[in-house]
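Undergrad: Construct the entire structure; sequences and hints are all you get.
Which chain is which? The protein sequence lines are A and U, in order.
For the first sequence, the working numbering begins at 1 and goes up steadily by one.
For the second sequence, the working numbering begins at 1 and goes up steadily by one.
Misleading hints may appear alongside valid ones.
Claimed, not checked - If you only want the chain A side, here are some residues facing chain U, beta carbon under 7 Å, derived: (1) 33; (2) 101; (3) 102.
To be verified - Chain U stretches covered by chain A per the calculated footprint, using a threshold of three residues with CB under 8 Å from any CB of chain A: (4) 6-14; (5) 23-30; (6) 56-63.
Source of the hints: derived by calculation from the structure; they are not laboratory data.
Quick caveat, the model's predicted, so the values are computed rather than measured.
Glycine included, every Cβ here is placed at the ideal spot set by N, Cα and C.
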Amino acid sequence: MSSPTIVVPKKWTPKMLTHAASEGGRRYGKPHGSHVDDLAALRRAIVLCGQCHFRFDWKRHGYYSVKKYESTLVRGKCFACTLFCEDGRLFIHEDHRPKAWTTVDERKKLSRRVRP
Amino acid sequence: MEQYNTITGGQLFVREYQIGEAMANAGVGTTAATNATAGINLVTEIAAVDYVGLTLDTQATLVTAQQSDNSDPARRVTVITNSDLMIKARLNDGDTEGTALQLFDVTTESLDGLTITTGDAWDSASDKDGGTAWGFDGNNAGVFRQITSATSTAALVTVAFPNDLLVGHNFMRCPLSATTPQWPDLTNLFTEVNAEAVSDSNNVNFYVIDMILNDIGSDGRLNSYVILVPADSIYGSNV
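TA: Next comes the structure, spelled out in structure tokens:
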């Protein structure tokens, strides 16, 4: 006979919500994947090197892949393995992408009729 | 403001920085930390001295106190730090984001194409001299000219518009141009450029290196942009 599952609703206060929405620094010993997952949950922009990016499902997390759509690599420290890379894949969450990044298609659509 | 390209075509350099103040919006410029702050700061409406980079995400809260679960209270944002980064910023009417640019309708025709007479003040504190006027509709739609002098009712250009300026045709304006050094004035949230004001010459923020000025066909009131380059990046000399 299985035990019943008791669900106790948690009363979220604004302070708890704000704290939960903020990213904490990386804890020593925290697995790479866990850290990237936490960043994705907070919709942070993520840079992953050529070895680490395979394990990140950017579509499922709602990200825009700069490498996929623009064939552009970036330089910087990998957010997973923390090694500096020259073949970094930049992922920008779609919530922030329109405010912070102009895609190649958007650049092409901008009118060229008036260019000082 | 959005990443648009780089002048040299080099790879983007992206890294995280600890924040010194809350950053609620992505696509804003940041400046170096000072002795009194915990991390990088936001630019101001008029200055971007010691520019660090353009943010790609947000941190709504600055946390300083030690946490009960011993988690790290430091908060970080991801920033593009290239000193030659080209930044696209929308031209906005005023300080509040999302405001469509004003239209200035011609009230007195100009058969030599040199005077845009609209009855509005073109010589106000926002100083349109050295700025740009472009046709929104009419027979000069899509044509721009640099304003060479301004009066309380008109703007004068040195190079004539190709067609007569007829009554009822609309123009738009901004105090910036790609050929005259003027420091742009940003909006309240630092995400767009105020097209009705400029920062005074004592402040350093961005150079304007290109402009995308649309007419009625592309709804230029909401879709006109300047392309900026940081003038005082901490990572090297610029243009």
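Undergrad: Under the criterion of a CB-CB separation shorter than 7 Å, is residue 101 (chain A) in contact with chain U as hinted?
TA: Because about 5 Å separates residue 101 (chain A) from the closest Cβ in chain U, which is inside the 7 Å limit, the hint holds.
Undergrad: Under a C-beta cut-off of less than 8 Å, do 3 or more residues of the region 23-30 of chain U approach chain A closely enough to confirm the stated coverage?
TA: holds (count 3)
Undergrad: How does the coverage statement for the region 6-14 of chain U fare against chain A, requiring three or more residues with Cβ below 8 Å from a Cβ of that chain?
TA: Per the Cβ count (4), the hint holds.
Undergrad: Mind checking the CB of residue 102 (chain A) against every CB in chain U and telling me if the closest is under 7 Å?
TA: This interface hint holds because 4 Å falls under the 7 Å limit.
Undergrad: Given residue 33 (chain A) was flagged as interface, is its beta-carbon under 7 Å from a beta-carbon of chain U?
TA: violated, 18 Å
Undergrad: Is the listed coverage of the region 56-63 of chain U by chain A valid when you require three or more residues with a beta carbon under 8 Å from a beta carbon of that chain?
TA: It holds, with 7 qualifying residues against the three required.
Taken one by one, the earlier hints fail for this structure only at number 1.
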